[in-house]
Structure formats: structure tokens, C-alpha cells
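Protein chains: 2
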Amino acid sequence: MRVLIFILANILLTSGNLDKVQHERDKLFNEELQMMIGSDIELSDSEIKANEVIMDLKNEELEHGFLHPGNFNVSKHFFEYKESVKKTKLYQLIKNMPKGAVLHAHDTAVLGPDYILSLTYWKDLFVCFDGDDINLLFSRNVPNTTCGTEWQLMRDARFSSGNVEKFDADLKQHFSLVIDNPEEVYTDINTVWSIFQSLFGVIGPVVTYKPVWEQYFYDTLKALREDGVMYFEVRSVLPQLYDLDGVTYDSVATAESYKKVVDQFMVDYPDFFGAKLIYAPLRLVEKKTVKEYLEIAREIKRRMPGFLAGFDLVGQEDLGRPLKSFMSELVEASKEFDLFLHAGETNWSGLSSDENLYDAIALGTKRIGHGYSIIKHPVLMREIKKKDIALEVNVVSNSVLKLVSDVRNHPLAAMLALDLPVVLSSDDPGLWEAEPLSHDFYVAFVGVASKHADLRVLKKLALNSLYYSTYPNKDKLVHDFQIRWTKFIDSVVRDKW
Amino acid sequence: MRVLIFILANILLTSGNLDKVQHERDKLFNEELQMMIGSDIELSDSEIKANEVIMDLKNEELEHGFLHPGNFNVSKHFFEYKESVKKTKLYQLIKNMPKGAVLHAHDTAVLGPDYILSLTYWKDLFVCFDGDDINLLFSRNVPNTTCGTEWQLMRDARFSSGNVEKFDADLKQHFSLVIDNPEEVYTDINTVWSIFQSLFGVIGPVVTYKPVWEQYFYDTLKALREDGVMYFEVRSVLPQLYDLDGVTYDSVATAESYKKVVDQFMVDYPDFFGAKLIYAPLRLVEKKTVKEYLEIAREIKRRMPGFLAGFDLVGQEDLGRPLKSFMSELVEASKEFDLFLHAGETNWSGLSSDENLYDAIALGTKRIGHGYSIIKHPVLMREIKKKDIALEVNVVSNSVLKLVSDVRNHPLAAMLALDLPVVLSSDDPGLWEAEPLSHDFYVAFVGVASKHADLRVLKKLALNSLYYSTYPNKDKLVHDFQIRWTKFIDSVVRDKW
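In order, the protein sequences belong to chains G and F.
Using our numbering, you'd call the opening residue of the first sequence number 1 and step up by one each time.
Using our numbering, you'd call the opening residue of the second sequence number 498 and step up by one each time.
If you're looking for bench data, these hints aren't it; they were derived computationally from the structure.
Cβ atoms here follow ideal geometry from the backbone N, Cα and C, with glycine treated the same way.
Be careful, since some hints might not be right.
Taking lysine-lysine pairs in the DSS-like style, the calculated list, with each CA pair at most 30 Å apart, reads [said to hold, decoys possible]:
{"no.": "1", "chain 1": "F", "residue 1": "Lys948", "chain 2": "G", "residue 2": "Lys385"}
{"no.": "2", "chain 1": "G", "residue 1": "Lys474", "chain 2": "G", "residue 2": "Lys95"}
{"no.": "3", "chain 1": "F", "residue 1": "Lys821", "chain 2": "G", "residue 2": "Lys451"}
{"no.": "4", "chain 1": "G", "residue 1": "Lys335", "chain 2": "G", "residue 2": "Lys259"}
{"no.": "5", "chain 1": "F", "residue 1": "Lys555", "chain 2": "G", "residue 2": "Lys324"}
{"no.": "6", "chain 1": "F", "residue 1": "Lys524", "chain 2": "G", "residue 2": "Lys335"}
{"no.": "7", "chain 1": "F", "residue 1": "Lys948", "chain 2": "G", "residue 2": "Lys324"}
{"no.": "8", "chain 1": "G", "residue 1": "Lys335", "chain 2": "F", "residue 2": "Lys517"}
{"no.": "9", "chain 1": "G", "residue 1": "Lys287", "chain 2": "F", "residue 2": "Lys948"}
{"no.": "10", "chain 1": "F", "residue 1": "Lys546", "chain 2": "F", "residue 2": "Lys524"}
{"no.": "11", "chain 1": "G", "residue 1": "Lys387", "chain 2": "F", "residue 2": "Lys524"}
{"no.": "12", "chain 1": "F", "residue 1": "Lys586", "chain 2": "F", "residue 2": "Lys719"}
{"no.": "13", "chain 1": "G", "residue 1": "Lys20", "chain 2": "F", "residue 2": "Lys788"}
{"no.": "14", "chain 1": "G", "residue 1": "Lys287", "chain 2": "F", "residue 2": "Lys524"}
Stretches of chain F that chain G covers, calculated by requiring three or more beta carbons in the stretch to come under 8 Å of a beta carbon on chain G [unchecked claim]:
{"no.": "15", "stretch": "519–532"}
{"no.": "16", "stretch": "679–689"}
{"no.": "17", "stretch": "820–834"}
{"no.": "18", "stretch": "870–880"}
{"no.": "19", "stretch": "906–917"}
{"no.": "20", "stretch": "938–951"}
So here's chain G without its partners, still in its complex pose (with noise of 0.2 Å):
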């Protein structure tokens, strides 16, 4: 009889562990759960039912994934798989999702080469080919100024070439970084961000032909409104653009085409919130161009006050300058315009480049640009939260562009874990043949956030991109958005994908 009490006695003081270790378990489990991203949300019945079917295609991948790592699309490189997850219904669902804004995208950079290439049909393009590189010029006569060989008409040269189809094919590939062999090509960071430099110089010519630039905008706003998006902050370098006669106009002309462009595009599709402009000029010049720079912005505010949302600096940053070398204008800066400073786009730490982010943070910018080493700053995540800093975070852009190969990897993983503001953008998606930002959520939302993670992350980043843009009628946005994801959520239920 004591034996057997003594058996029983010990099962239960087990089994009273095991309890209390579960127990524990569950808690941090949860804890952490309702920690994450998007947890303040309340699904509404249709938002649960269409959650199950979401997450039903989001498992599949994953658990496919963990079994057979080595097919896992989105652990490779963004070339291999951009056009095959395409087919899947999981990034359909997410194409027709409503996204909210684009708060991180390069003016030249968000189509594609199809679309660069369809721009070299128009009339008045010259080409001058130079071994392997090639200038592209639009003229009413031949241009006068020296290239390697000579200057013809593109319709000339490609009907000459005897065969269109490979001629525009190689055309197309100076307008792209997809290539086959990425990890052998794209060695370094350097070596990417100089050849991906190097495409905005050959586009360059094209986009800055004054009709074609506004023609290029029209079309990435009905691209980004085709994607989902209804309202787009454009950082732009605003380049001099030129007409057929040589003439060429200021980057305030520039801004003013912008403008010009989005009110038109408001009278074709209303349902559109429009564009605002984030002037964004190179970053490796003078501390005198800085301020050159702000006369510009300060032309754009005085004659377009509720255009301009604001200023920054680009470039590749750990060849760029600090923030801090230009730290008294950017001072002068912050009292006129609001910033929007990219700020440790690096894998680096303690580097200048990681360390653009105290700046940034001190000089009260309004959100970071990628921020993406922000993961190795304490101080400055609780900063960000406490000041409601946004990170504008482009995971496609930094697995192309070389800061993390496996985006498993990408810090936006513990972001969204510690509910850190974030918005999802796509930079310059049009180099990668990316959709302007259908990518960037389904790698997110399938590669880098937790299994756990579901509808309620998919739309918290939605609405953080309206939260955190500078339209000046939130309400509106916020409430236009919410009738659109109803929608998206019926169709979701009613058609169950």
C-alpha cells in the first residue's frame, strides 16, 4: 500500500510538472503572440474565415519548406523565383489584396525593362552602341555630341539589325539587374550597386525626354494602382530633364511635371489618392550642393506647398557621405521640411553608414529609409517606437541588392516580433522585374514573419503605410482602404480561393 501511494504520489507530482512546464510554455508562447505585429487587431467573422484560407496556402509553403529547405522559393535568390511564385494562389491573393501606400520607391525605378524597352519604339530615339555599353538620346536631329561610334535612329539600328527580337532582347538587358548567374556577377556590394548605378545611366537619357518622364510616371501610378496601392510618396532626384531641341529644364521644372502628372492621373482614376514628393538627391556631393539642394526644396514648397512631403539624401551609403558631415544643413533642413533620411541600409556596425541612424533620429526625421541595421540598436528601436518613427523596410531590394542572401535572415523577422512601426516598400522594383509591391509583401509575409504571423500582420502593414505617409486627409484614406479590403475579404470568403 505505501508503495503504491508512493507510485501515485510521484505520477501526480509528474504529471503536476509537466503541467506547470506546459503551462509556462503556453504563456510565453502567447505573451509573445500578442506581442507581435497587427495583434491589436480584431478579425471580423469574414476576416476569420478568409484568415483560414490564407494561412491554409501559407502553411503549405512552409511546412513544404521545412521538410525540403532546398525548394524553399524564397530562400533563394529573387531571380530564381520572382516569376514562379507568381503562379501561386497564395501571391495571386496577395496581388489582389489592398496594400495601402508606397512610401519607398525611386522615381525611375519602379516598371520594368518591357516598359524601358517599349519607350525606345517612340519616334526621335538615337542610339549609339560602344562595345558593350550603349547611349540612348532623343533628338530632332543627330546629337552632336561624341560617342563611341555614331549616332543612328533606334528605329534604324533595330530594323538594320536583321532581327528584332534579339536585338531587343539585348537592348532589354542593359535596362535590368536580372541576369542568370547573379551570385557569380554580383560578388559584393560594391560590385551590384555599381552595375545597378549603371542601368540608371543608360535609362537615364530616356526617362529624363521630358514627354517620356511624364509618360513614365503616369504609367507607375496606374502600375502601383494595378498592384493595389492608392497613394504613392515618390522619392525623386528630380533630374534636369531636356525636350528634342536640347532645351533643358531645372529639377523645380521637374517637380512641376510630377505634379502636373499626378493631377491628371486624379481626373483619369479618382479613386486614386494621388503622389506626393520626397526630394531625394544624391548624397556623395559638397556640403555647399546640400545646400544648393535646399533652395531647390524650398522653390518646390513656395510653389507647390501641399506636393512636397518632404526631403532626403541617396546613394549607396557606405560609399556616400554620413549624415553627420552635412549635419548643420540638415539641421536648417528639419525647421522647413519634414526628412525622410535613409539611414542604415548596411549590414556594417558602428560603420558611418550604421550610424546614419543617430542622425537620422536626432535630426527628427519623420520615418528611416530601410533602417535595416537598426536590429543592432537597442536604444535606437525604443527610440523609434517612442517617437513613432516609421522604418520603411524593402526586403526584396536588400536580398538583390547583396545585405542578406537567405531573407530567413532579414531583420525585419524580429521587427515585426517586437512590433516595431514598419511599412513595407519595394524601392526600385522595376530593376529586379519585381510588381511594384506585390513581391515585397509575399516575401515578407511567406519568408521572413513568423509562421504564426497572419492576416492581422498582412493588414497592420497596410495600414501602417497610410498611417505613416503624410496624405493630409488620413480619415478618408484609412476609411476608402477599409472598403476595399471588405471587398478583398468577401472575395477571399466567396470565392475560397
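Fit chain F to the given chain G structure using the hints.
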């Protein structure tokens, strides 16, 4: 006059603002610096001098890498730079630095392929070639197990090969993960793990020959000692050993072999602080096998009470059974043994390997093996800090075994910034031809930690490895470490390196 006052006021205002922003920036920077691991350490005058030497060397590497990222060694694959870094002054300095204890390394994976090759010169070793595979076995007579071709004495095979150098080079390749094209062959985590585990299969029959086992462990302790390590907690699966007559010895006997070797080593090298055993058998098993494991652990504890540090389970976490599937067994175990559980050795988020972290912590684990994914778990980071549970971080292992390709993205960077309880270790250094601990310290210091991480971080990591060990007399351990440390510092200052 009014205008002048206005201008002056503006200048004053601007410079006041500038001061304010710079003050804010410095405040954030300093707060973070004071939070970093090791910031509680006060350096002596000598240490300050040594720190200057060390930081000059580190900064030189970082600044060169920042400008030429393609040349930055530690951002490449480990196989590319493991030999070349050894020639740097900074590496040599770290090699000479007392590094404390190794708390996470596996039994037959500390010594490299050259050492295993030397074992194939022992007498009574038989070999059987089977296509690309190779079988090895010590035996008094020709083994009677079937194999692809036929068993022959290694000595005969080697000499009849006609080219001993080539024969040995081919043989050595069977003992190492190191190859020329790791990126092509080790395409995903499962592939590299499968080859990694197959190495144990080849090496196993060599090292489980009882006399070799004991010699291997003796030489492991020697290699650790020569690499600046004073104490070791070895994780062992405790394989069955065998002798020339095919007599086999059980796990308890294997533990006794270990104990015997440690005792002998302590006689031969009284300046070494010994070793303890973490019994860590394979996780991909049934519940009943775990019960058997615990029986073995009990027997070891009974026979060698001071020698057993605790219990763990090993094997690729993503593919192994999660801790929760053995919950009742592990709750039982936790009452009798300290647990040192592997958990979160994964870059998946929210899958079972990641969620092992919840279970390990709820089970009261004393340390966590790896904890790579804990960076995505804010609540768990808080818990390990509160409960003082150390993370055993193995940077080189994580890069070779394909959790992360560029170590600048290793979560250790954030762990150090957050002052989480961290110890550095090396996991299986022999298999990737790393030194027992120096490579891991070097890579963590130069490639992962902030540019501002200095001698205090190195010292703290070494001290942590003593503090989080189970060595019974820590005062003595730390006291002795301090003596070695002072000698080291003096040598750095004296020799100016």
C-alpha cells in the same frame, strides 16, 4: 540693424539647434555603448594600452573592408579565409589570448582531418573502398562484415596505392567538410547536414576504437589548452566503443573512458581545469529511447557524480523531433539533471525547431545550445536575461552549416548590443578545419560585433564562459584566468605586436 539682428539671431538659433541635435545624437550613441556586453568592465592602464593595439588592428581591417567589401575576409565563405586570417596579427593576438572555457563542442569533432589521417597510420586498421565511399575498422583479423569490395589492411592499401601523398589526400577528404566549391555543393541546409553527418559515419569506426577514443580525447584537451582554453564541457553521444576483438563497451563505459582521460590529463597538465560531460544523444528517436537515455545518464551520475554536467539532445533540429514531443521525459530529466538543451539552431521562424526555445526555457535549461533564432523572440530574450540562461553561440558553425552566409547578419551582433548572456563556442571545429576556439573569437570580434566592441567585449566573453560553466570552484577558475589574462596583456603591451 534690424536685419543684422535677425541674421545674428538666426545664426545663434541654428547653432543652438545644431548643438541640441548633436547632443541628442551623442546621448543615444553613448547610452548604447554603455549597454553593450562588457561595458561593466573597467580596463586597467595596461589593458587600455593593449586595447589600443588591438583596436588599431581591428579598425584597419574594418576600414579596408568598408571601402573594399569584396576583400573583407569574414564576409566570405569560411573555407576561403580560414587559413589566410591566421597570418594576421590580430588573429595571432586572439590566439594567444586566454579565452576561458569551451562549453559547446561535440566529442569527435574538435580535431581536424589531418589528425584523423594520422590515426589511419595506427596498426590494425582495415579499410574497404566502395565506390566513392570508404569503410574503416580496427580489428585483430580481417573483419567479417560484408562491404562493397574487400577489407584490406590500411597499411597495405596505402603502400600498394603507389602514391602515398595522393592516397592520403584522397583519404583526408573523407574526414572534412572543406571543399573548393562549397556554395555549389552545399546547396541547402539539409544537403550540408547530410554530408556533415555522413562524416561522423566515416570517422566513427576510427574514433570509437577504444584506444583511439581515449587518445583522441587526450589530444583534444591538449589542442584546447594550446588554443588558450582552460576548461571544457564536452557534449557526447557516448557511442559504443570497441576493441580489436570486437568486444563492445556501452555508453557508461565510454563516459568512464572520458573520465579516465581527463584525470590523466590533469596529472600531466595541472594548469588545465579539466572537463565535464554533457550527455547529448541523438534527438531523432522514439520517446522510449529518451527514457533509455535517462537511465544511462542516471548510471553515469551514480558512478561519476562530479563528472556529469547534464543532459541534452543533438542532431539537425529542423529534421529532428522537437523538444515538446519528449516533454514528460524532459520534465522528469529536469528534476535529476541540469539541462543544456539545443534550441533555435534554425533560421525558420515559428516552426518547431524555432519553438524549441519556448520548451527549453520552460524546462529550466541552464544554457541554450545556439539559440540562433532567439533574436525573433523578444519575450524569450527578456526571460534568458532575467533567468541568466546563457546562449552558446557558434558563429563559424552557423555559417558553414548554412544558417547565414555573411556573418555580419549573424544575430550575435544584436545579442552583444543587448548584453544578452552569451558564450562563444565552436561546435565542431575539426570538421571545417577551424582551430578549437580562436577562429570563432576572431570572426565574432571582427565580423560580427560592432566596430566599437573592444577588449572589454573579448574579456567579457571569456569571463562569461567561466561564469556560465558548471565548474565547481569558480573563484579559483576566475582567479587563475585573471593571472593568465594579465600576462597576456603585458605581452601585448611589451611586444607592441
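Worksheet item: Taking a Cβ-Cβ distance under 8 Å as contact, does the stretch 906–917 of chain F have three or more residues in contact with chain G?
Response: Answer holds; 5 residues pass the 8 Å Cβ test.
Worksheet item: Does the structure keep Lys821(F) and Lys451(G) at a Cα separation of 30 Å or less?
Response: Between Lys821(F) and Lys451(G) the Cα gap is close to 17 Å, so the pair holds against 30 Å.
Discussion item. When I compare C-beta atoms, does the stretch 679–689 of chain F have three or more residues closer than 8 Å to chain G?
Written reply: With 6 residues in contact (Cβ-Cβ under 8 Å with chain G), the coverage given for the stretch 679–689 of chain F holds.
Worksheet item: In terms of beta carbon proximity below 8 Å, does the stretch 519–532 of chain F have 3 or more residues touching chain G?
Response: It holds: at least three residues are needed, and the stretch 519–532 of chain F offers 8 whose Cβ sits within less than 8 Å of chain G.
Fill in: chain G covers the stretch 870–880 of chain F, three or more CB atoms within 8 Å, holds or violated
holds (count 7)
Discussion item. Next pair to validate is Lys524(F) with Lys335(G); report whether the Cα-Cα distance is within 30 Å.
Written reply: 21 Å, holds
Item to complete: Would you check the hint for Lys287(G) and Lys948(F), treating anything up to 30 Å between C-alpha atoms as holding?
Response: 27 Å, holds
Fill in: Hinted pair Lys20(G) and Lys788(F), Cα distance within 30 Å
Cα-Cα ~21 Å, so holds.
Discussion item. For a C-alpha distance cap of 30 Å, please report whether Lys586(F) and Lys719(F) respect it.
Written reply: 23 Å, holds
Discussion item. Can you confirm whether the C-alpha distance between Lys948(F) and Lys385(G) stays at or below 30 Å?
Written reply: It holds: about 25 Å lies between the C-alpha atoms, which stays within 30 Å.
Discussion item. Hinted pair, alpha-carbon criterion (30 Å max): Lys387(G), Lys524(F). Please report holds or violated.
Written reply: Judged against 30 Å, a Cα distance of about 16 Å means the pair holds.
Discussion item. Can you confirm whether the C-alpha distance between Lys474(G) and Lys95(G) stays at or below 30 Å?
Written reply: Since the Cα atoms of Lys474(G) and Lys95(G) sit roughly 23 Å apart, the hinted pair holds (cutoff 30 Å).
In this structure, none of the earlier numbered hints is contradicted; all agree with it.
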